[in-house]
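Next come the chains, spelled out residue by residue.
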Amino acid sequence: EAQVTQNPRYLITVTGKKLTVTCSQNMNHEYMSWYRQDPGLGLRQIYYSMNVEVTDKGDVPEGYKVSRKEKRNFPLILESPSPNQTSLYFCASSLLGGSSYEQYFGPGTRLTVT
Amino acid sequence: AQKITQTQPGMFVQEKEAVTLDCTYDTSDPSYGLFWYKQPSSGEMIFLIYQGSYDQQNATEGRYSLNFQKARKSANLVISASQLGDSAMYFCAMRGDHYGQNFVFGPGTRLSVLP
Numbered sequence: 044e045a046q047v048t049q050n051p052r053y054l055i056t057v058t059g060k061k062l063t064v065t066c067s068q069n070m071n072h073e074y075m076s077w078y079r080q081d082p083g084l085g086l087r088q089i090y091y092s093m094n095v096e097v098t099d100k101g102d103v104p105e106g107y108k109v110s111r112k113e114k115r116n117f118p119l120i121l122e123s124p125s126p127n128q129t130s131l132y133f134c135a136s137s138l139l140g141g142s143s144y145e146q147y148f149g150p151g152t153r154l155t156v157t
Numbered sequence: 289a290q291k292i293t294q295t296q297p298g299m300f301v302q303e304k305e306a307v308t309l310d311c312t313y314d315t316s317d318p319s320y321g322l323f324w325y326k327q328p329s330s331g332e333m334i335f336l337i338y339q340g341s342y343d344q345q346n347a348t349e350g351r352y353s354l355n356f357q358k359a360r361k362s363a364n365l366v367i368s369a370s371q372l373g374d375s376a377m378y379f380c381a382m383r384g385d386h387y388g389q390n391f392v393f394g395p396g397t398r399l400s401v402l403p
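Sequence order for the protein chains is A and B.
As numbered in the working numbering, residues 44 to 157 make up the first sequence, in order.
As numbered in the working numbering, residues 289 to 403 make up the second sequence, in order.
No lab work stands behind these hints, which were simulated from the structure alone.
Since this is a predicted model, take the numbers as computed values, not measurements.
Be careful, since some hints might not be right.
To be verified - Simulated coverage check for chain B against chain A, where a stretch passes if three residues somewhere in it have a Cβ under 8 Å from a Cβ of chain A:
1) 325-333
2) 338-352
3) 356-367
The beta-carbon is built from N, C-alpha and C at its ideal position, and this holds for glycine as well.
Please construct the entire structure, taking both the sequences and the accompanying hints into account.
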């Protein structure tokens with residue numbers, strides 16, 4: 044089954060404790076992206092990647108890191124989480140090369156930083 | 289730069305009625321794609337419908353149709369015969385056609401279907 048998986052689905056952590064949210068897709072997609080969703084603000088892009096070792100900042104990259112060492116994986120790293128990073132996070136992937144390619148979303152990770 | 293505007297933060301509709309969710313966009317790309325996603329209370333993002341900028345006909349998928357007016361840069365989602373299960377957040381998004389183009393999302397519209 045074609046899918047994007049994220050882990051963990053729920054995470055409660057404390058300020059300053061480094062964490063990683065994993066994202067993996069099995070569709071051989073070149074494009075992968077991370078979004079955060081906050082009430083009233085919709086989806087805001089954190090980072091995206093067009094291919095292995097190619098990443099770029101989205102609209103809200105501060106406080107986050109990403110890496111793309113393999114095509115299928117695109118982890119999101121919070122080196123020193125803060126309460127303002129409490130949010131719902133989505134990973135997504137798609138093919139590149141045309142505007143008709145939809146994004147496939149993971150199930151989301153709900154993060155709470157206390 | 290690309291931008292998506294959804295001016296309706298919330299909408300109500302009676303069950304079995306049709307409803308239109310507004311979406312306007314701004315882009316300088318000559319070719320682009322427009323998407324609608326549904327997010328129910330469970331949180332997952334569900335792809336609903338796609339419209340290409342050069343498509344001659346409005347896209348339809350079951351009870352969903354996209355009212356595409358290119359000159360007005362609008363891509364409104366029409367849901368016919370609303371069901372209680374249609375209550376959700378709806379996001380309009382777009383993507384340019386050149387290689388490496390990013391996705392841009394609107395702020396969303398929360399639809400509530402009343403019994």
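Consistency of the hints with the structure:
Judged by the Cβ-Cβ criterion of 8 Å, the region 325-333 of chain B is covered by chain A as claimed, because 4 of its residues qualify and three suffice. Here the region 338-352 of chain B counts 3 residues with a CB under 8 Å from a CB of chain A, which clears the bar of 3, and the coverage holds. Residues of the region 356-367 of chain B with a Cβ under 8 Å from some Cβ of chain A number 0, which does not satisfy the need for three, so the listed coverage is violated.
Checked against the numbered hints given earlier, the structure breaks only hint 3 and satisfies all the rest.
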